[in-house]
Amino acid sequence: MQSSGALRPIVIPGEAVGGPGLKPGPGTYSEGGRVFAAQLGIRDEHEGLVSVIPLNGRYIPQRGDAVIGEVVDQGPSHWLVDIHSPYPAPLHATESPWRVEFGDTARYLKVGDVIMCHVLSVDEIKRVQLTMQEREARRLNGGMVIEISPTKVPRVIGKQGSMVSLIMDLTGCRIYVGQNGRIWLDGDDRSAAVAALAIRLIEERAQAVGLTEAVRELIAREQPRGRGPRPS
Amino acid sequence: MEDIEHIEKEMKLIGADGRRLDGRRFDELRPIRIEAGVLRRADGSAYIEWGGNKVLAAVYGPREAHPRHLQDPARALVQCRYNMAPFSVSDRKRPGPDRRSVEISKVISEAFASVVFVEQFPRTSVDIFIEVLQADAGTRCAGLTAASVALADAGVPMRDLVTSCASGKIDGVVCLDLNKDEDNFGDADCPMAIVPRTGDVVLLQMDGHLTYDEFQKAMGLSIDATKRIYEQQRDALRRRYSVTLEDILKESPPAAAPVEPDEPSSPPEEDFGPEGI
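Residue numbers (numbering that gives the first Met the number 0), protein chains in the order written: chain A, 0 to 231; chain B, 0 to 276.
Please note that the accuracy of each hint is not assured.
[Unchecked claim] No farther apart than 16 Å at their CA atoms in a straight line, the calculated lysine to aspartate or glutamate pairs in the EDC-like style are these:
| hint | chain 1 | residue 1 | chain 2 | residue 2 |
| --- | --- | --- | --- | --- |
| 1 | B | 226 | B | 206 |
| 2 | A | 125 | A | 81 |
| 3 | B | 226 | A | 81 |
| 4 | A | 109 | A | 81 |
| 5 | B | 105 | B | 130 |
| 6 | A | 125 | B | 63 |
| 7 | A | 109 | A | 72 |
| 8 | B | 226 | B | 21 |
| 9 | B | 11 | B | 21 |
| 10 | A | 151 | A | 100 |
| 11 | A | 125 | B | 26 |
| 12 | A | 125 | B | 130 |
Read the hints as simulated data drawn from the structure, not as lab findings.
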């Protein structure tokens, strides 16, 4: 959207977004050969596929998503993780990076711990399973977690992660962005606060033109004097 | 003691000039104002002023359905709570659900269940809360109209907005959108809700009696009116989401100037409240 210049008009559920010959993509439905918006959002057309990019909505887990979750319960061989979605997500002990004895789950993760994990599978009735077998999966110690609308996550990440690496470079914070709209930040108090502010700015102005510049300016203004950006 | 029967006969709800007590013609709506996104904690919200009605609607979800035994493995539940504030009517309304509000909650949730893509969110529930702050007849229509805007604001996938309006009969004349006096002293009231794109009727109730022809006329009036209300609903949503866009456009000249280019972006910092950042 940044590159497209003009702001795209929003579409409202029930609005026609495409005629015959176009395929209905995410956020749309077809009826009588025509395509209509199912969600409030911005219309997007790509190779004959019409979709609506939602402006709001809950996180619905998808296989392979990297998410940030909070352990809310533990069983003898699994943990229950809150991933900020309508569905409870269990993490089985065998999917953890540790060798967990039956009944010994509390040694590795406790209720209240925050983890970076991946969605292993989602079945047709949306039963979710998590995994920590990926390389970047870990328990997150220290830092803080902020929540944004999951629909704004792509803007926070940017093209090939450009936006998040910009914030990391300028503030010197370590940042993990989960597809579920949770963002983990770690750095000294001041830079973490500045990074959080920058993320709030992105969330609020997700459709804005020149977002990268606005973020750069905000960080430059808020960053304490006398300390330049550190490499992350 | 006054003879109530006698007073009723004296009462003229439609004047000789064909105008009603509040000066409207038979096919005129009361003024409607809708605002979307008025509550911060809710996933979606809307506020409507419809004549003397003031109604707030909030939507949460899709979220985990509680209690668990209510969960449906095939689809989402659409749950609705219609509630009137004790101060919403002239006599104090005893707080809490009563026969009337349970019924209205049921019919409204069923109206929305037919437009929301419930099969996309198995085992969850979409919760709709309708709070009537001030009532002046037609609160279920106002509530439904606001709740539909709130649902779209929450980003819940749905086939179309639902639009609602009532018609009735006063002094033997079929009229649109009855107000309190017309509802109390009129002959019939018939609220309905339609899906404007397809014309599907998702709510239809009637209090009093209408002949077949009168009913046809009332339906016609309501369907016509819902088209106008539909535009207002869409407009409310567009306004809600263009606020940020307009702000950006407004801010672009100062952004070019050298002094404090991003100043207007600072206030949101306080807006997030204690748990924001």
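Given hint residue 130/B paired with residue 105/B - CA-CA distance at most 16 Å = 15 Å, holds
message = Check the hint pairing residue 125/A with residue 63/B against an upper bound of 16 Å on the C-alpha distance.
response = With Cα atoms ~11 Å apart, residue 125/A and residue 63/B stay inside 16 Å; holds.
query = Straight-line Cα separation of residue 226/B and residue 81/A no greater than 16 Å?
reply = 43 Å, violated
query = Does the alpha-carbon distance linking residue 11/B and residue 21/B stay inside the 16 Å limit?
reply = 12 Å, holds
ask   = If you draw a straight line from the CA of residue 125/A to the CA of residue 130/B, is it 16 Å or shorter?
value = 32 Å, violated
key: Restraint status (C-alpha distance of residue 151/A to residue 100/A at most 16 Å)   = Outside the cut-off at roughly 39 Å; violated.
request  = Verify the proposed pairing of residue 109/A with residue 72/A, using a straight-line Cα cut of 16 Å.
outcome  = Holds, at roughly 8 Å.
key: Restraint check for residue 109/A with residue 81/A, where alpha carbons must lie at most 16 Å apart   = Given pair residue 109/A, residue 81/A holds - Cα atoms ~13 Å apart, limit 16 Å.
ask   = Are the Cα atoms of residue 125/A and residue 26/B separated by 16 Å or less?
value = 48 Å, violated
task = With a cut-off of 16 Å on the C-alpha distance, tell me whether residue 226/B and residue 206/B pass.
result = 23 Å, violated
task = Quickly compare the C-alpha distance for residue 226/B and residue 21/B to 16 Å and report which way the hint goes.
result = Distance ~23 Å between residue 226/B and residue 21/B Cα, so the pair is violated.
query = Hey, residue 125/A versus residue 81/A, does the alpha-carbon distance stay inside 16 Å?
reply = 15 Å, holds
Figure legend: structure checked against the earlier numbered hints; hints not met, in rising order: 1, 3, 8, 10, 11 and 12.
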